[in-house]
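Input sequences plus hints: build the corresponding full structure.
Chain residues, written in single-letter form:
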Amino acid sequence: MSELTFEDVTVRYGSGRREMTAVDRVHLTVPSGAVVGLVGESGSGKSTLARAAVGLTPVAGGRILLDGRPLPRGGRRPLQMVFQDPYSSLDPRMTIGSSIAEAIPRGAVPGAAARRDEVARLLDLVDLPADRAGCHPAELSGGQRQRVALARALAGRPDVVIADEITSALDVSIQGTVLNLVRDLHRELRLSMLFITHDLAVVRYVSDYIAVMYLGRIVEYGPAESVLADPRHPYTGELLAAARRGGPQAADTVPASVADAEPADPHHPPTGCRFHPRCPVGPLVHPDRTVCRDTAPTGDGRPHRAACHFVSSAADPAAA
Amino acid sequence: MTSRARWAGVLRTPVGAAAAVLLGAVLLLAVLAPLLWGGRADEVDTAHILAPASAEHWAGTDNLGRDIFFRVLVATRTSVRLALLATAVGVAVGLLLGTLPLLLGPRLGRLVTAAVNIAVAFPGLLLALSFAVIFGAGASGAVPAIGLAIAPAFARLTQTLAASVAGRDFVAAARIAGVGRVRVLLRHVLPNIAEPLLVNATMAAGGSLLAFAGLSFLGLGVQAPDYDWGRLLGEGLNGIYLNPAAALVPGVAVVLAGLAFNLVGEAAAKAVGPRTATAGGRKRATDDARPTPTPTPTPTTAVPVRPQQSAQADALLIVEDLKVSFGPVTPVRGVGFTLGRGEAVGIVGESGSGKSLTALAVAQLIERPGRIEARRLELLGDDLLRTPPRARPRLLGTSLAMVFQDPMTSFNPVQRVGRQLAEVAEQHLGHRRGPALARAVDRLRAVRIPGAARRARQFPHEFSGGMRQRAMIGMGLMGEPKLIIADEPTTALDVTVQRQVLALLADVRAADDVAVLLISHDLGVVEQVCDRVLVMYAGRIVEDLPVARLRDGARHPYTRALLGAVPDLATDRDQPLVVIPGRPADPAAPTPGCAFAPRCPLADDHCKRADPALIEDGSGGRVACWHAEQRPEPAPAAATEGEGR
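Residue numbers (my numbering), protein chains in the order written: chain H, 1 to 320; chain C, 321 to 965.
Please keep in mind that the hints were generated in silico from the structure rather than gathered at the bench.
List of simulated lysine to any residue pairs, SDA-like, C-alpha gap at most 25 angstroms:
{"no.": "1", "chain 1": "C", "residue 1": "Lys590", "chain 2": "H", "residue 2": "Arg93"}
{"no.": "2", "chain 1": "C", "residue 1": "Lys643", "chain 2": "C", "residue 2": "Ala711"}
{"no.": "3", "chain 1": "C", "residue 1": "Lys590", "chain 2": "H", "residue 2": "Ala138"}
See below:
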């Protein structure tokens with residue numbers, strides 16, 4: 001297994017006046033054999049980061065490294081991706097067997113019979129009977145399709161698997177199956193994985209490390225328990241409060257001006273710290289904290305880092 | 321429906337059958353006519369030059385005394401062959417140009433696209449004429465001329481279709497897997513766009529038949545001694561006053577053959593059309609079978625509430641034995657519940673459980689062909705089922721507000737938000753324009769939209785998702801609703817925004833004593849807002865219990881499984897999640913017993929035979945399960961195989 005590193009990666013869409021920086025100088029490491037959960041709301045750039053990693057979106061700046069070396073162009077792809085919507089990620093005209101077989105690197109398994117065996121092995125890996133290889137996607141349920149998509153990703157013998165919201169299009173009763181499978185596969189194969197979702201509870205269940213993304217920047221990164229037990233960035237605290245299910249919300253503790261603040265427009269990101277217009281410990285509540293408006297905070301190099309000027313005080317409201 | 325069944329279905333329609341017969345006849349004639357009548361068509365009879373139509377020569381003879389009728393029959397082969405040839409050239413060039421952008425990548429592809437766009441702007445026949453002049457008169461010149469004239473339109477169609485398929489995730493997946501561009505094109509793109517292309521090629525064949533006849537008629541197409549319909553038409557036209565049949569017969573032949581191709585194309589388009597639009601159609605978890613777009617009922621308070629003397633005096637909404645059916649399928653099968661004033665009740669369930677349809681039925685928003693039946697369906701003591709349809713909008717408008725999942729589609733995109741809210745007051749409260757707008761601003765302020773007066777002048781697209789949803793709730797508050805039905809109001813929103821909208825719903829409810837019926841697939845959302853939860857499965861309520869008892873007092877195995885299937889922040893990370901084996905129930909294939917039995921760990925033979933009724937459990941809840949008393953040991957998580965096997 002390998003370590004995937006994003007070094008100062010920037011991705012832009014559009015040009016001229018409509019240009020938008022979807023991912024802004026992101027540093028992120030997926031350690032070898034670990035699952036890194038990447039959370040953030042829609043528009044935070046998490047899917048763009050994934051697409052950049054697998055080469056579907058060009059990178060405008062920075063480097064993406066695998067074990068310290070740039071990703072190879074062409075040939076075997078060491079990164080594979082599983083998509084959100086299992087209804088569009090499988091070719092409706094192809095049997096699932098040939099969809100999976102297509103992803104097996106050429107030359108890795110010579111001979112038609114060996115390829116068939118390999119497909120059967122992969123299907124077995126994702127708990128599907130081998131005789132399903134002849135089915136078309138239309139004959140499968142959403143959960144089964146998502147497992148086929150996982151099998152296809154594994155067929156490429158990837159060093160790192162990127163899973164982009166793979167449970168959010170599924171019914172609740174089926175999400176569990178897919179999450180269990182992800183955990184089992186991770187245990188069995190020691191896969192390195194970048195697991196993208198908007199649901200902190202899901203991320204908590206599968207991840208070793210958690211990275212929180214807001215408007216194109218990573219605002220917090222650290223070991224899963226540490227981030228969840230002691231969120232340093234106020235945005236993480238907010239996500240956690242939203243994810244805490246059951247019982248009425250403790251939203252009252254947050255001033256109304258903060259609670260009703262609008263999510264920022266990614267085309268016109270705020271200056272300085274991008275979270276400052278919604279931040280419960282920022283200039284909205286503490287008018288003297290102008291530094292948030294002027295200077296973008298950087299995370300320091302510690303294992304659990306948060307990009308916030310007032311890290312220590314940020315933990316207080318979340319703990320209260 | 322398989323594609324074979326669909327084609328068979330098309331053949332059974334009058335147009336489909338006529339088209340198939342006609343085209344079959346034309347093709348048969350093209351093959352057989354020269355063999356059978358080739359001799360007679362070329363037989364020179366100097367004794368009967370330019371004879372009019374007669375019993376012997378049905379369409380008369382030409383200037384060498386040859387029988388025109390037989391010449392028309394024999395010319396079928398040449399005409400059809402050349403038309404098909406030209407179409408083949410056009411389709412081949414079009415396909416090549418259309419798929420080049422995919423093969424060349426974005427930068428060069430844009431050039432090709434631009435070139436095609438320019439070519440499309442030229443009228444086809446004009447292109448064909450100028451090409452025919454360039455290539456020289458004669459069939460060998462006319463074929464590429466017409467082919468090239470067809471090509472741009474075909475290229476454009478191919479480009480559009482290919483681009484839409486190329487944007488789908490499975491193509492991205494193939495590219496990530498290292499599949500080359502040519503292989504992606506051949507294996508993934510072409511098979512998925514083949515059907516509409518074939519349909520269009522058929523139509524193009526009809527068009528090129530006409531175009532060829534035109535060129536030959538002008539003398540640019542087939543040259544003597546060969547002949548096709550266009551030539552025969554041209555020759556016949558010279559003597560049209562002496563022998564009209566000589567021009568009419570080839571003309572009719574052109575029309576019939578052209579019709580044959582076009583009708584077949586039309587019929588095929590019908591067979592292909594619906595599916596290409598939704599090929600591999602997206603299906604979202606929250607996308608319950610919902611009828612056509614539904615209008616939003618607008619709430620007001622024109623009709624005062626009539627006090628009702630009954631046992632359920634404080635019941636706001638009474639639903640008994642509600643059924644919603646679409647033809648033979650009944651997705652809601654006997655739902656009953658009551659909703660008290662100011663009470664918040666959540667309905668949870670998976671897609672297809674009938675939760676959204678139940679809400680829409682209460683709001684009388686089920687449209688044809690859907691049918692609502694119920695023993696009782698009363699809102700504020702008024703019987704919704706027996707209210708004449710004309711009075712319904714007023715009745716519902718008085719007391720009901722509705723909030724949908726996607727606030728973008730619930731607003732009119734070309735009208736300012738404030739205006740849309742004000743309209744409610746004008747329509748139902750009889751307010752004039754000024755006061756109505758003032759109230760709209762006031763209501764926007766009530767749902768905590770910052771800068772309400774400025775925002776009221778903006779269009780829906782200038783609002784963020786969460787803000788639109790708040791404005792939607794604000795629209796519901798233009799009157800004084802007694803009930804807000806919210807159908808997955810936060811599913812399309814981010815978690816932090818979701819919290820704001822739910823808090824707002826709770827505030828509105830507390831401030832005005834409004835009852836809330838909240839539809840969601842997310843138990844967490846329901847827990848935040850509601851007092852009571854109705855759990856639906858396969859069109860029935862399987863459990864009804866207070867929210868406080870949900871976590872540890874749920875008695876139906878489905879409710880318990882739902883709770884365990886979704887991780888929360890307290891889930892044990894070392895244990896696998898609970899999994900509900902099997903597939904969600906299919907409303908089209910109901911089982912005689914309990915609908916959950918095939919997926920239930922407690923099910924026995926009795927469950928498979930008899931459907932349990934929803935029974936009061938004596939402590940404020942209801943449950944429909946034969947084994948409600950039984951508590952299984954913490955669900956064996958190994959039961960994960962079901963779905964796959």
